[in-house]
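Chemist: Below, each chain spelled out in residue letters.
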Amino acid sequence: MSPGLSSLKQLDRRWIFLAVALLVVIPLAVGIHIAPVAPSPRTRGFYDAIEKVPSGSTVLLAGDYDPSTVAENYPMHLAAARHLMSRDVKIIGLALYPGGPPLTDQVLRLAAAEYGKKEGIDYVNLGYKAGNELVMSQMGSSIPRTFPVDRRGVPVDQIPVMHGVQNYANFPLLVSISAGYPGTKEWVQQVVSRYHLPMVAGVTAVSAPEYYPYLQTGQLRGLLGGMAGGAEYEVLVKHPALATRGMDAQSLAHVFIALMILLGNLAFLGEDRSRRR
Amino acid sequence: MHVSASPGVWIAALLTLGIFSFLYKDNPVYKFCEHLFVGVSAGYWVVLTYYSSIKPNLIDPLFGVPFAMDRHLLLVIPLVLSLFLFSRFFPRGDWLSRWSIAIILGVYPALRITGFAQGDLVQQIGGSILPFWVPGHPMTSLNNVLLVGGLLATLVFFFFSTEHKGAVGGIARVGVFFLMVSFGASYGYTVMARVSLLIGRVMFLLDTWLGVVRF
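Going down the list, the protein sequences come from chains A and B. Mapping of the first sequence onto my numbering: residues 1 to 277, in sequence order. Mapping of the second sequence onto my numbering: residues 1 to 215, in sequence order.
With the rest of the complex left out, here is chain B (with noise of 0.2 Å):
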């Protein structure tokens, strides 16, 4: 058993073991730490955000070169655009933050949107067109009718512009099954991840921390 000398390691190991304490009730020590947390995160994120992005996209290029008209104005606009952001602090002039705004959801939905168009719609249907009969290999072919039965029986379920009775009723009964597998898998995907959530901070207390084992 060898126990770590280390401040930052004893920091981590009795953070853990105070946020484990919720476990057996809410109390002082775990508010403590998860209102640590918080800050420490929003402080780290402010600083590397800072250094990552706006000082060598933004400040160094700005004011550490020589000034050159077609660079420079290209930085003035986003460099503007992000002050007026901050206006939302004055409320005579928070007006001026819609323009920012309105550029960064100009942006991102068409970006994600055709993102998704490309990566997810198109390639998912085209997946989705399939044989039922794979010469030669019979568990692709039950495979196949699987995948396609469940897509089409779990589309009727979503499909609210009939009353699902009759034969649609049994069919959209049979999406229920499908997606009542897919919850199931899910879950049982995220139990293991937050076993293996526990496992790591074990590893890291009976390692790190106390020595009694090496990883």
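Bound-form chain A, shown alone (with noise of 0.2 Å):
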């Protein structure tokens, strides 16, 4: 093994941390230009059934993450929602994490500010609900009974965006940001099994790979997946945002790792060679 390799594996770990932070903050700093973004089908896929929604139809908008994914769902999720109040497209949104409804709140807030929509009339934030895919289940009976209140507490018969808003079928499709339990695939499993809803879902990074049988199946016409699957919707609907800002340091982040995990293995096949001689 050469001397170089050797000394990799007496390398304290604290170095590699020191140069992942540089490779993230450095490009997010000085704005470096890498790449340019190109959407996958399966991200195209997310686009082409929002835009296959009628206009004046109402979407089922469920934001099922929390602070600790903000910087994979958050994104995705203001995107989805600009792009759906871009088309005249009502939200109902909803969220099974507890800390989930305040970023529903600010999401809903800026994209409607953005294309002049008004809370109850264009949107509502129905909060959140104890009980994971009960609460879905039930919600096929009655979203009404489901959610008497939304999220300020007004009850949802004084609302004018749930006027005829009963059950699943009143929805052409359910967009699901999901970062884990309960979450996209719970809504796959209790509605889109059930009730046969089209549905697309932005989800964590860390769980993609979990639902691309479904999208094999198509119970999801499309998928973002992480900050990446983010950037490209972001580019779809022409709005590139943080996920799109986040991409150069993503790249050069994984170069690194990519790197890191090269030289560990060939430092492992050396010593493992010298060990047999």
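What you were told as hints is all true, and nothing was included just to trick you.
Now the in silico label distances, taken between C-beta atoms and shown as ranges:
#: 1; chain 1: B; residue 1: G211; chain 2: A; residue 2: F17; range: 22 to 28 Å
#: 2; chain 1: A; residue 1: D88; chain 2: B; residue 2: P78; range: 36 to 42 Å
#: 3; chain 1: B; residue 1: V65; chain 2: A; residue 2: A130; range: 19 to 25 Å
Partial selection, computed: residues in chain B whose CB lies under 7 Å from chain A:
#: 4; residue: L48
#: 5; residue: P56
#: 6; residue: G115
#: 7; residue: G119
#: 8; residue: Q124
#: 9; residue: T190
#: 10; residue: M192
#: 11; residue: S196
#: 12; residue: F215
The set of hints was computed from the structure by calculation and includes no laboratory data. C-beta: ideal position from N, C-alpha, C; glycine also.
Given two chains presented individually in distinct reference frames, assemble the corresponding complex, making use of the accompanying hints.
Modeler: This is the structure in structure tokens:
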């Protein structure tokens, strides 16, 4: 084994942390541009599904995440809200994560301010409800009974956007922005398979591989995986924002980590060979 | 550069740096931040659950409207069952909590099993029945062959009723290859997720806290 590779095994891992930190901070601070973001078929499926929703209809937007995954879920959540509002589609937001409602509020208010939409008329945030799959199941019977009031405490029968909304049959699409359990998987199992409601999802990168089979079977029409999926979607809706700005730092960190994995394996391989000799 | 004057932003920024300090080594500041997070999360969850579920679904319909036997009786049942859960604090009456737990255990697995059977099992088996040759689409044909072949080989790897020797052993080894590709893809996505979280925090520190860059 070469001395260089041998010394790599003695390297204090804190140097690697420092290198990753610099590779993330510098591109974000300086604004380096490495490569354009090209949308994948999965992201295009997400975009196309929203494009097919008729103007004036109402879509269910589930923001099942909390501040721990804001970096991944928030940009795609905001981009989806902007896309829906730009097409005059009404939004009924909710969250099955306790920490989700303030984020849904922020997303809906930000997008509404940009497109001149009004709370209660063009969108509503029903807030959080404990119960996971039970909430999904009960919404199939009656959404007003499951969510008697919105996040502000206003009874849903006094909210114009909720008029005529009884259950999943009233939606042309379900948009799930999800960090884990309960989230996309449970929406597919409890709602898509039972009520045949078309669905698209934006998920954290760590959970994305779990949802590829749903794309294969058509249970999901589109999928945004992590910050990269969010950036691709921002490109499609022609509104580059947080995810797109983070992609250069992401790419540099990935190259460095891949290099470290390669060098680590070479060091291990070299040591293994010298031991055999 | 426009450093934030908001106390909330400063607290969030200092707590972020406190948690990051663990990367250098474990220290009391990190421990403080960790414990604070656990405590605040628990408190937030309790208050949120009360105001989003218990109050609108139980307290208000039970005590905020005129008495009606049928409606109130339906609400008293979950109220009593939820109170039974607290009987675990009293050793002589803790058996009462088993009734509530029995209902939870009865409903949840049933709901999840039916959801899994409808959403995963049947649909995924259907999704793996694919033609090996799609005229005019050689790449789709190749994908279908890889998917079905990989699925069968992986299933053979998890079939333990026969010793993995000869042809069975060979197919199982191909299954291991597909599993390794799957683990590699998952690991790649995990790296992306962790780097994304770091990017999110750095964006917060540079933008919201220090005001060095506007994202």
